[in-house]
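Following the hints, put chain H in place on chain B, whose structure we already have.
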Amino acid sequence: MVDRELPINRCFISGAIETLYPCIENYQGSERNSVARIVRLLTEIREGKGTRDHLPALQSVAETFDGDAKQRVGMPVLSLLKERQEELFRHLEEKKCLAGTCFRHLPAPCQNACPAHIDIPTFLALIGHSRYAEATEVILKDIPFPWACGLICPHPCEEACLRGEMDEPISIQLMKAYTARLAADNGGYPSPPVAPHKPEKVAIVGAGPSGLSTAYFLALKGYGVTVFEKLPYAGGMLRYGIPAYRLPKDILDREIKNIVDLGVEIRTHAAFGKDFTLDSLKKEGFKAFYFATGLSLSRRLNVPGEDLEGVLGGIDLLRMTALGVPPKLGDKVIVIGGGNVAVDVARTVNRIGPKEVSMVCLETPEQMPAWKHEVHDAKAEGITIYHSWGPRHLMGKDGRFTAVEFMRCTSVFDAQGRFNPSYDACELTTMEADNIILAIGQSADSSFAKPMNLEVTPGGAIKADLVTGETNLPGVFAGGDGVYGPRIAIDAIAAGKRAAVSMDCYLTGSEPPLPPFEPITRGNVDFLSLTASEKVQLKRSQSIMIPLEERSANFRQVELGLTDHMALNEAKRCLRCDRCQGDGLCQYVCTEVGANALRLAQTKDTSRLAYFDFANTREKCIGCGSCVIACPHGNIEMKDEGSLRKVSFCGTVHSELPLERCDLCGAPYASTKHLNLVKERSDLSLGLDLERTLCPECSRTAAARRMTENIVTF
Amino acid sequence: MSIYYLYQDKKKCIGCSSCKVACKTNKNLTADPKPTDIIPVGPRLVEGQPRTSFVFMPCFHCENPWCVVACPTGAMQKRPKDGIVFVNPALCVGCKSCMSACPWGAPQWNAETGKVVKCDYCMERVDAGLKPACATICTAHCLRFDKAADMQDVRRERYAKAIAEL
Numbered sequence: 011m012v013d014r015e016l017p018i019n020r021c022f023i024s025g026a027i028e029t030l031y032p033c034i035e036n037y038q039g040s041e042r043n044s045v046a047r048i049v050r051l052l053t054e055i056r057e058g059k060g061t062r063d064h065l066p067a068l069q070s071v072a073e074t075f076d077g078d079a080k081q082r083v084g085m086p087v088l089s090l091l092k093e094r095q096e097e098l099f100r101h102l103e104e105k106k107c108l109a110g111t112c113f114r115h116l117p118a119p120c121q122n123a124c125p126a127h128i129d130i131p132t133f134l135a136l137i138g139h140s141r142y143a144e145a146t147e148v149i150l151k152d153i154p155f156p157w158a159c160g161l162i163c164p165h166p167c168e169e170a171c172l173r174g175e176m177d178e179p180i181s182i183q184l185m186k187a188y189t190a191r192l193a194a195d196n197g198g199y200p201s202p203p204v205a206p207h208k209p210e211k212v213a214i215v216g217a218g219p220s221g222l223s224t225a226y227f228l229a230l231k232g233y234g235v236t237v238f239e240k241l242p243y244a245g246g247m248l249r250y251g252i253p254a255y256r257l258p259k260d261i262l263d264r265e266i267k268n269i270v271d272l273g274v275e276i277r278t279h280a281a282f283g284k285d286f287t288l289d290s291l292k293k294e295g296f297k298a299f300y301f302a303t304g305l306s307l308s309r310r311l312n313v314p315g316e317d318l319e320g321v322l323g324g325i326d327l328l329r330m331t332a333l334g335v336p337p338k339l340g341d342k343v344i345v346i347g348g349g350n351v352a353v354d355v356a357r358t359v360n361r362i363g364p365k366e367v368s369m370v371c372l373e374t375p376e377q378m379p380a381w382k383h384e385v386h387d388a389k390a391e392g393i394t395i396y397h398s399w400g401p402r403h404l405m406g407k408d409g410r411f412t413a414v415e416f417m418r419c420t421s422v423f424d425a426q427g428r429f430n431p432s433y434d435a436c437e438l439t440t441m442e443a444d445n446i447i448l449a450i451g452q453s454a455d456s457s458f459a460k461p462m463n464l465e466v467t468p469g470g471a472i473k474a475d476l477v478t479g480e481t482n483l484p485g486v487f488a489g490g491d492g493v494y495g496p497r498i499a500i501d502a503i504a505a506g507k508r509a510a511v512s513m514d515c516y517l518t519g520s521e522p523p524l525p526p527f528e529p530i531t532r533g534n535v536d537f538l539s540l541t542a543s544e545k546v547q548l549k550r551s552q553s554i555m556i557p558l559e560e561r562s563a564n565f566r567q568v569e570l571g572l573t574d575h576m577a578l579n580e581a582k583r584c585l586r587c588d589r590c591q592g593d594g595l596c597q598y599v600c601t602e603v604g605a606n607a608l609r610l611a612q613t614k615d616t617s618r619l620a621y622f623d624f625a626n627t628r629e630k631c632i633g634c635g636s637c638v639i640a641c642p643h644g645n646i647e648m649k650d651e652g653s654l655r656k657v658s659f660c661g662t663v664h665s666e667l668p669l670e671r672c673d674l675c676g677a678p679y680a681s682t683k684h685l686n687l688v689k690e691r692s693d694l695s696l697g698l699d700l701e702r703t704l705c706p707e708c709s710r711t712a713a714a715r716r717m718t719e720n721i722v723t724f
Numbered sequence: 002m003s004i005y006y007l008y009q010d011k012k013k014c015i016g017c018s019s020c021k022v023a024c025k026t027n028k029n030l031t032a033d034p035k036p037t038d039i040i041p042v043g044p045r046l047v048e049g050q051p052r053t054s055f056v057f058m059p060c061f062h063c064e065n066p067w068c069v070v071a072c073p074t075g076a077m078q079k080r081p082k083d084g085i086v087f088v089n090p091a092l093c094v095g096c097k098s099c100m101s102a103c104p105w106g107a108p109q110w111n112a113e114t115g116k117v118v119k120c121d122y123c124m125e126r127v128d129a130g131l132k133p134a135c136a137t138i139c140t141a142h143c144l145r146f147d148k149a150a151d152m153q154d155v156r157r158e159r160y161a162k163a164i165a166e167l
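Chains as they are written, first to last, in the working numbering: chain B, 11 to 724; chain H, 2 to 167.
All the given hints hold, so there is nothing to weed out.
Once the Cα atoms are required to be at most 30 Å apart in a straight line, the calculated DSS-like pairs of lysine-lysine come out as: (1) H:K25 / B:K59; (2) B:K683 / H:K79; (3) B:K614 / B:K59.
Selected chain B positions facing chain H (in silico; Cβ < 8 Å): (4) L51; (5) S709; (6) R710.
By construction, these hints were calculated from the structure, which means they are not laboratory data.
Every residue, glycine too, gets a C-beta built ideally from N, C-alpha and C.
For reference, chain B alone in the conformation it holds in the complex (with noise of 0.2 Å):
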């Protein structure tokens, strides 16, 4: 049957626990061991750890409060068990959930913020014991091109790491290159498994990025894959849009050859809509086609002058390069844009000739798109960077550009956030050049849609569901900067890979996923061991560059990435998100047992907590392992060594504490901290005090012998 229940958006019982959470610290004592409690309780109904129990100790452990505390958190409490009974019975006894938010393994922050959805802590995590190969294979798991984007993803993985919040993120992109090319010089990337061969053709045209994933994809599921592309060679805009001091050529070449050596043909050379049509692919045999044809024209500016000889397209100029024919340039040259592209325009420009790079762009420093470490660089190779500057027009002598005419940006967006710059028309300037290079933004080339009748947008964009990639033909998918406009090259890798989901499924009828393309985890990596100190005080490690020096005129690969060293050290100080949910129960009973030792701390992801305070568990642990039996992953361990208890989180050993042993036996059976607790709370309040020196099961064999001592036998 359907269940025809709406869907929500939150559960109300995550909401509680977001709410009361942060009500722990507000109080001491007595009331805040029980402010945990209720969130302690909520969370373990959450987790799907909720018992008939449950909902009775709410009542009485809410009952109790006084005061304000009773208003802000008792009230509250007692209201919600009354008036959610019925939906916190389905979370006890049925384990569902309407919201759907609870009893859910959530992915790393970084997996989902990564378009592909690598595996991002497993792999680092293998990385950590050396296990290079498999690190790859879980990259190439998600992705085709483990070393291309390691060395020029954007990295938004990056950007949601919560090592982030408590240092600086974990260097993930770096890693990718690190790992990659350790296994690539070792043997080879593994092979992936490859599904057995199936009958039907696949054609894909355009091998850039997108259309290569959506090849490397069909064919692990045994489809016959053909890219079409129309330049020489393939790789796309990661050939013909990246410099090669970025990404050097033969490492995407190698990378290429593994997708080829799947059984996949690629046929450069070939333009679609004059060597070859849909019709005549489908006479070919092919019965499902991705187009993936990406934005290879530049964008104009529509400005007067802009036909003069000597004015090129940024995206032009790097195809003309990366092709090995770069544009005979002068020695003076402006490159016009703040984005990555014009970066990489200027510094190629920097690299073939020219004496004098400069960049003009409208925005401010701050807002410039480009990343900020490109700019830096960019800067130090000597490249000069004019702000908040719009070409007006430019000027020429004899049909040749000879100077340009800027006037004052004065803002670049409108009040709604839009691109829409406006202008200072008072204040200009003019700077003469012998070339300018457009660099602001790429368009596509669809003129092949309209005679198959592929629905286009106005904006020459193609139309196709971004999720799954269909068309408005049967078929015939698409994906990639040709449907959603200029992105990095992880989106369209991962557009590839969910087009390759679809078209299977098209190909063998079946119905799509549901929900579909989720993160998937690859695997369950055992922890790193390292102590607390370390973990906190290592630092993120920054990629070795060659010596600015060696840079000019030549395209020598400029970021080297990292050494042995330093990527053990990013994969140590990784936090294990996938592994730490952040569900805060090991703080809980923390706080609830009155030690107070573990304090995670809220994050970005309201979903969950992060632990970070080390030095505060180091001082207040009393290693009574609640908090290893609270975590429903597994991730604390307590093991006693010598004599030593020693407490780990996620396998950095927060805590060393000195173990009492039994007089008679002598295993060990409490840390001394912990007795001294118990001899303080009960002896002390019962006004005895009784030298506990067994531990318990001795104590109950002791008890019995004392008792028979004195026995008289009636």
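Then chain H, alone, in the frame of chain B:
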């Protein structure tokens, strides 16, 4: 103390451990936790004969229980109506403070649930008018459970009989 008295007549006990088994079965426990145990003491010479005592060790349900004051979460409680000391599993977080506090080793560790389990005189059975599992199963009829006020002291009877026989 609780209002109940669970008396073991050591003279009759044959150490069969049925009480222990019944207790675990009633509480659905694995091998390790033993809310009650039979501890053999001896053998030693009594009137020239080697004798072993089998000591029944449940919880004594103290008047001022160490475990209750040691428990930081309020899971360990003394039932006001009859003084039974019991654990509320929803409140127990498994810190084992009660185990360190009890001088008789009565609270037991249940690794399966990560919580403490202990003798509670089988509260639900008592509330239903039954006797605890141990006293119900005892093969030698050496375990007696009743309200302390109603309990006949067998030792006194036996002593009286012994005097009478002289």
